[in-house]
Amino acid sequence: MENQSKKKMVCFDSQACIKCFSCTIGCSTENRVRLQRDKNYNIEKSISEKLEHYNYIKPVYSESGNFPNVLAVTALKHCNHCSVPQCLEICPTKAISKRESGAVVIDEDLCVGCQSCRDACPYDIPEYSPETGRSYKCIMCYDRLDAGLRTACDVACPSVAIFSGDEDYVKAEALKRVENYSKVFNKPFIAYGLDEINSQVGSLQFITIAPVENQDEYLIPKSPRSFTATARDIIKVGGIAAGVATLAVVGLHARHWKKNSADSPFNNEEEK
Amino acid sequence: MKLTRRNFVKASLSTVAATAAIGMGSNGELVAEAVAAVSKADFGIERQVFLCCRMCAQFCPMIGYVRDERLVRLEANPNSPYPAICGRGKAAIGALYNPDRIKTPLIRVGERGEGEFREASWDEALDMVATKLKELRDSNESHSVAYMPRFNTAIGLDDYFIKCYGTPNTFSYADGCFASANELGFGSIFTGGKESRAGNSAVMGDYENAKLAVLISRNPAGGLVAFPWGAAYGRGRKNGLKTVLIDPRKAAGTGETDTEWLPVIPGRDIYLLMGLTKEIFDNKYYDEEYLVKYTNSDMLVNLETFQAYSMADSENETASGKDYMVYDEVAQDFVMKSKSTQPAILGEFEINGVAVKTGLQMLIDSTKGYTVEEMAEKSGITVEQIKKLAKDLNDTKPACFLERGYRATRYYNSTQEKHLIAVVNGLLGVYGRKGGLVYGRTVKLKSPLTAPKIEGVEQVDKYYKENVKGFELIKLTHMRRLFPKAVLDEKPYKMKFAFINGLNSIGGGGGADMATALTKMEMILCISPYWNETTMFADVILPDTTFMERSEPPVTGFKATFPVIALHQQAVAPMYQAKNGYWIIEQLAQRIFTPAEYDKYFGEFSKGGVDYLTQYGLDNITGMTANEKSNFNVSTLYSNGIWCGDSAKVIPKAKNTATGKLEIYSLFMSKWHDKLLKEKRYNDAKYFTPLITWAPPYWMTKKETLDYDEFIPITGFHPLSSFTGAQTRNNILLSTIGSMLDYDAVFMNREKGESLGLTSNDIVEIYNIDRPSMVTKARVVLTDTVNPTSLFSFYGVGSGYFNKMSDKLSVASKIGFNPNHVATHIFAPVEGSASSQDFIVKVRRAN
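Protein sequence lines correspond, in order, to chains Y and F. Letter 198 of the first sequence, counting from 1, is numbered 333 in the numbering used here, and no numbers are missing. Letter 384 of the second sequence, counting from 1, is numbered 542 in the numbering used here, and no numbers are missing.
Check before you lean on any hint, since a few could be wrong.
Lysine-lysine pairs mimicking PhoX-like chemistry, simulated, CA-CA at most 25 Å apart [to be verified]:
1) Y:K318 / F:K972
2) F:K549 / Y:K180
3) Y:K322 / F:K966
4) F:K546 / Y:K185
5) F:K546 / Y:K322
6) F:K549 / Y:K322
7) F:K966 / Y:K180
8) F:K549 / Y:K185
Hints are computed from structural coordinates only; laboratory data are not their basis.
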């Protein structure tokens, strides 16, 4: 497509969301279509396997307060597609790239499953699959967006709570909504990721609209930090030590990975 | 069914498809490096078909993408103002290719309920069923066949076949659904007629334009009607709609951060509504102008009869049509409404020695015996919440409404609850107002098939309706739960054959009694693509197609403000040995009827098939406006898959009430109140009254307060599950996400759970205090989002008490609570539908 150079954006609006989780199912089924398209899976196989790692949007429930004054939020956890992707920086096999559209993508064929990306991610996003030995996260439907289509989660959403497309369009719509909500509910709302959040993540291509006071519940913290990424920044300044230290970090991850593959939650899930 | 040329819709993504074709190997696989390099979004999509989703019962219009004769993706049909399907619809492919489907005809070899079957050929299974059906018919016992349809696959033919066969006894599911309190409660103020019924599409919230929506007994996300309600609701939220949730459980879909939650005690919503109404009266929050113009608030009511002061009561006036007597403040006299210039909506008068009050005065006076404080306490919420709600409604009216709630009767007093909701909406003047409650429109496609009338045999439910007190307002042919009663009563005659077409009779309510009744049948036939509780009792099971494997006539039954016609086309060939319902019905008909009868009843259909029904229907559309008729075009329908007409006008109207007005003083209710009083049925009369008064749920007739380990078992739909059984609960696409959200657990108030010594993820035992021997196991989750009086579970996710079929389902939860299995088999007073959650359960930790 000619408009490859154009930046793309996705927005999740927590206010318009009716918590039907169509987006998660749409994501999962689209990834199964990709399996058929790219990996020669047949449909019966792709549809009857759990393939949990292909659910790039995961619901995360949190509750605070006491009955009846309780705040219950189910956040949608997914890659935010940072302008400064720490995962890309740390990946030892250069499996992660940032496309022109702004999508940050793990190349499954290059990934060795060391999980450095997860530790470097200030949002704790990439998920390791013991089934395939690789890490996974939202790819911002780059194939669809680049072809001028909306993302799978957007198409799946029945309630105009997810919208995607050219950056200008998404930005304008998000700002319009934030302004309206702030006025109607008389308190500040944010389109998280439109502006730079901090130096570690920059701004985001997958933005979220939520009340400012509920940012934590929606997993869009004011100051996202990854210890690993921060440590690496310090090491970088240290010059000579940098190479050794990075290797050490990756080495740690390799050990961590071996240990985890034996007693991962995924394995436990299978035994239930 | 053949796929016709018409089904092939030109791919709108043709450019994408062209790109995708590059790099495809000879076997259709793609070269490996495409993974990182792809810029295409699709791959050799061969064709698209139009479908109407059946993962629940709402038929949301969708598009299926088919590749290599396999359905690979489902999306909402974009050619409507509200393109929307939910996650269940997207996951329908998981139901289609589910390896746990019933694959061949089966014949029972073990005991009923045990689930032991052997495979059989279609011929053997059909012969077995048809022989029995023919035998009953030949001995004039057609009526002993009970037909129980639900998700059957022969829409437009099954009912016809059953009538041609000669049984009037259809026991459909709707007593747990639309044929319930909701229809009568709402109908009581704006439908009229002998039985005032208003279906869900009669009136609905204008979410997009509303400023405040009060969601009472309805959660738009869980009980999702994606097209168009879910879509409209989301658009409303986007516009800044404020919401108030009245529910024992804080449902996520109504809003998380900017919503108010009024955690009412189950079955006590009426107290809350009584308090709210009183607050509205005390502050004159009602819309006077609207009340005068569009309601019967000014109607004079005879205090002796509680009926309208009748024309016969007056010597001076004569009755004319829907007119009624009012007190005119300008004339300072009693005149007919049509002749009045300023009718009084308040006041107490005397005409010819008869004491009368206006309709509104009747309602106001009925709230004088209690305080808002008392009502708040009894309903479990605070006075401040009631007062704030009343004020907020006043501030936003008419762009606000109380949801009419959704379908099922839940408690004995649900009809009165719905009636009061309807009254409050009338007081606020929101019917037929932008942002308030707006009216629906539908069109219908006529069927070419007219079944012969069944003579000389009494319909079972009609017998109950006409002869048994307590069943006078049941909806005929929709009384699934009457079947076990009739069988066990042996009234009015013996039933011998249960023909169950897509219904899960046991799972849907009255489970225990249904199971007992089924064991008394000489034969049980189940037609279903999936295992459910009821199939375990079948003598013969015929494997049905899923909705994606068959064509059907276009669908028109949508809950929308505008009429819709949507196509339903077969996407793929049936899997395994499954056959569609039309074929099954035809095969049975061939075996049962004489050749002459077959030719007479099925000749045309056997030649034309579903296309014959479709063609006839599209040639005979009723309900279109002249404008719509001139614009409607079949070829456009086939290229878009859907046609949407114009929205109903947003003006207040009453369909056919006695007064021609919205009857906020319901003459339907007053008529029944009077009738029940005359029969000295004082208890029943509490549930049918035009006034703002209390009527208890069944559980409160057992005990006023709950013991420390007792709960009311409430349910709601999870957006990743449905009442459609294995196609959702045994669907790996849905269960993967659902289990992250504990959707198979029971949810208990944290503090109460801790007082019982429970912690989250404990396994508990649950039983109905009326049925202590039927114990269900479930995993408990403690939460602050549930009222301490309530035990919440998502309906249809857990395997329930009749969980033997879990052996046949590899994905579905093996444990979990289903109230329908163990509910007390009670019928709501007079209207007779399923008071499905109106009982008390005890909970204890399982060892």
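Hints, verified against the model:
1. Y:K318 / F:K972: 48 Å, violated
2. F:K549 / Y:K180: Since the Cα atoms of K549 of chain F and K180 of chain Y sit roughly 57 Å apart, the hinted pair is violated (cutoff 25 Å).
3. Y:K322 / F:K966: The given pair, whose Cα atoms are some 52 Å apart, is violated under the 25 Å limit.
4. F:K546 / Y:K185: Distance ~47 Å between K546 of chain F and K185 of chain Y Cα, so the pair is violated.
5. F:K546 / Y:K322: 20 Å, holds
6. F:K549 / Y:K322: 21 Å, holds
7. F:K966 / Y:K180: 19 Å, holds
8. F:K549 / Y:K185: Measuring from Cα to Cα gives roughly 50 Å; hence the hint is violated.
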